[in-house]
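K.L.:
Order-wise, the sequence lines are chains C and X.
Per the numbering used here, the first sequence starts with residue 1, numbered consecutively.
Per the numbering used here, the second sequence starts with residue 1, numbered consecutively.
By construction, these hints were calculated from the structure, which means they are not laboratory data.
Given the structure is predicted, the values throughout are model-derived calculations rather than measurements.
Hints may contain errors.
Here are some chain C residues pointing at chain X (derived, C-beta under 8 angstroms) [stated by the list, open to error]:
#1 Pro6
#2 His9
#3 Met15
#4 Ala19
#5 Ser34
#6 Val120
#7 Met125
#8 Glu148
#9 Arg230
Simulated coverage check for chain C against chain X, where a stretch passes if three residues somewhere in it have a Cβ under 8 angstroms from a Cβ of chain X [claimed, not checked]:
#10 77-83
#11 173-180
Just so you know, even glycine gets a beta-carbon here, dropped at the ideal spot from N, CA and C.
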Amino acid sequence: MTSRAPLEHQAAWWMLAPALAFTLVFALYPVVDSFFLSLHRIFLGVPALGQPFVGFENYQTMAGDPVARQAFLVTIGFVLVSTALELVLGLGIALVIHEHFSGRGWVRVAALIPWSIPTVVASQMWRFIFNDQYGLANLLLFGERVEEYIPWLAYPGFAFAAIVFADVWKTSSFAGLLILAGLQVIPEEVYDAARIDGATTWQRFWKITLPLLKPALLLALLFRTMDAFRVFDLVFVMTQGGPGDSTLVLQFYGYKALFAEGRMGYGAAISVTVFLAIFVLSLFYIRGIGSRLLEKEPA
Amino acid sequence: MTRRILLGVGILLTVGLSLFPFLWFVVTSLKTQKEVEAIPPTWWPSGSLDFYQSALVDHHLTDYILNSVLVAGSTTLLALGIGIPAAYALARLRLPGKVWILGALLSISMFPQLAIAGPVWQILERIGGLNTRWGLLLPYVTLTLPLAIWILASFFKELPAELEEAARVDGCGPWQTMIRVMVPLAAPAIFTAAILTFIYAWNEFFFALLILTQPERQTLPVGIALFQGEFTMPWGELAAASVIATLPLVILVVLFQRWIVSGLSAGAVKG
């Protein structure tokens, strides 16, 4: 037993080496380097300025930048509204596809379609649906009354609602699958016992299903929150952050600073801020999930 | 009774809301230019395939498809080739500190793309990987590894230890045990991880947008996001291109719904 341990350690390290190498070079080093870049003043368009170290100047600039504040508020608003809707709809989807009925496989297939569609395709699709002349939204709402057609994406409030709408459509089924996993581990006997005691469907849902689903709901909430925080594709395709910065989310603002304007230092400061926000959230996730794999056998 | 009515309504809503918006795009792709420009829009298409032809011929779509197949296919192969041994080591071998290694690997999936975008771009610039398909492969493999490792490790963990013991008694080392005994048993998990990795790489947009600048090298998501006509937005061609980009995914979902559901609900990392 003991003579095998060193050999096993060695083999384990070799098996892990490629995965660790990729992770170090293309994920961990870049994050550290982003932080390093964020402490410098770098304008790619003006190399003559050099790349002086400026401490936390970029972060101070960000704190005083009204556009950055707007992007922060838009992102928070987007995260709160879309994840709340996705949890409610996801719960509904999970309850439906958990039931036994003939053709359930096909209903699950249908629910998975929005999840599987490329976000870019979903974005173009919703952009077309909200189109002022040819869009489905106007057709459904106003039919022949063409003069009432609304250019949805040209109004700040509607444009924000449109990206929330698209995100909810695209990702509710993913939340639903996480919640479904929670439903599947609730033992049937609990419901049988409640039925014998005369509990109605409604009571069983509120008194049994929801409390026992709490871990799965929290997990779905964390996943969706972290994902909504890095929304990019939808905004790039549907609104480009407009109109009037009403859909300007942090990842899009940072992308513009980095790659359109060449403000490497400032863009890096935005990206580090987004990273830290998500990192704090992901600590909860690792604590809840990562340890479960190693501690006990999955059910 | 109320329960049955609720279920029926739920099924209708789930199926209807999931499919209807995309069906509208399918309908649009089968219209003629005249029908697309009708105000108010018409409900039924004439079933014309003009938009498919013009999307394929005039809009680089064949390039995008080829690039997407190459990039998503090789990402899947590489991520699994690297992920299988890593998952096996984390799930089955004794190694001090492996909780931390697993945690570090999994946390990568939470990184916002923006946080690594600048430096990844600079690395690729230095090694000549910008505007190449292999350059895109490097971040893709990195970002799909956590999900692949998570699915595989969860599965390896459940396999009985007796099989490994038997292999050891027969004189197999850790590598041989993994390849000859554990990998064949883990085929369902490998398959699930492969499907989810492929879908991720097929759909990814952010890094593809940064790294691939020439239309001949771009993947479907970039092509579709930057779709443009000469004067007006070519909605019909765009809808046709979108249907083509989505078709392989619909086929995967129809064929492998069970694997996808179990893979994602096993504690998936990203949708």
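K.L.:
Holds or violated: the hint that C:Ser34 contacts chain X, with Cβ atoms closer than 8 angstroms.
P.N.:
holds, 6 angstroms
K.L.:
Using 8 angstroms as the Cβ threshold, decide whether C:Val120 counts as touching chain X.
P.N.:
holds, 4 angstroms
K.L.:
Against chain X, with CB atoms and a cut of 8 angstroms, does the hint on C:Met125 hold up?
P.N.:
Status holds, d = 5 angstroms.
K.L.:
Does C:His9 meet its interface restraint, that is, does its C-beta lie within less than 8 angstroms of any C-beta in chain X?
P.N.:
holds, 6 angstroms
K.L.:
Close enough to count: is the Cβ of C:Glu148 nearer than 8 angstroms to one in chain X?
P.N.:
violated, 11 angstroms
K.L.:
Cut-off 8 angstroms, C-beta pairs, minimum 3 residues; does the coverage of the stretch 77-83 of chain C by chain X stand?
P.N.:
Coverage by chain X is violated here, the residue count being 0 at a Cβ distance below 8 angstroms.
K.L.:
Against chain X, run the beta carbon of C:Pro6 and see if the smallest gap drops under 8 angstroms.
P.N.:
Not OK, violated: C:Pro6 not within 8 angstroms of chain X, min 10 angstroms.
K.L.:
Taking the closest Cβ pair, is C:Met15 under 8 angstroms from chain X?
P.N.:
holds, 4 angstroms
K.L.:
Given C:Ala19 as an interface hint, is the shortest Cβ-Cβ distance to chain X below 8 angstroms?
P.N.:
Holds, about 4 angstroms.
K.L.:
Confirm or reject the coverage of the stretch 173-180 of chain C by chain X under the rule of 3 or more residues with a beta carbon closer than 8 angstroms to the chain's beta carbons.
P.N.:
This one holds; 5 residues, not fewer than the three required, reach chain X with a Cβ under 8 angstroms.
K.L.:
Does C:Arg230 hold up as a contact with chain X if the rule is Cβ-Cβ below 8 angstroms?
P.N.:
This hint holds: C:Arg230 lies near chain X, its Cβ roughly 4 angstroms from the closest one there, short of 8 angstroms.
The structure is inconsistent with the numbered hints 1, 8, 10, although it conforms to all the rest.
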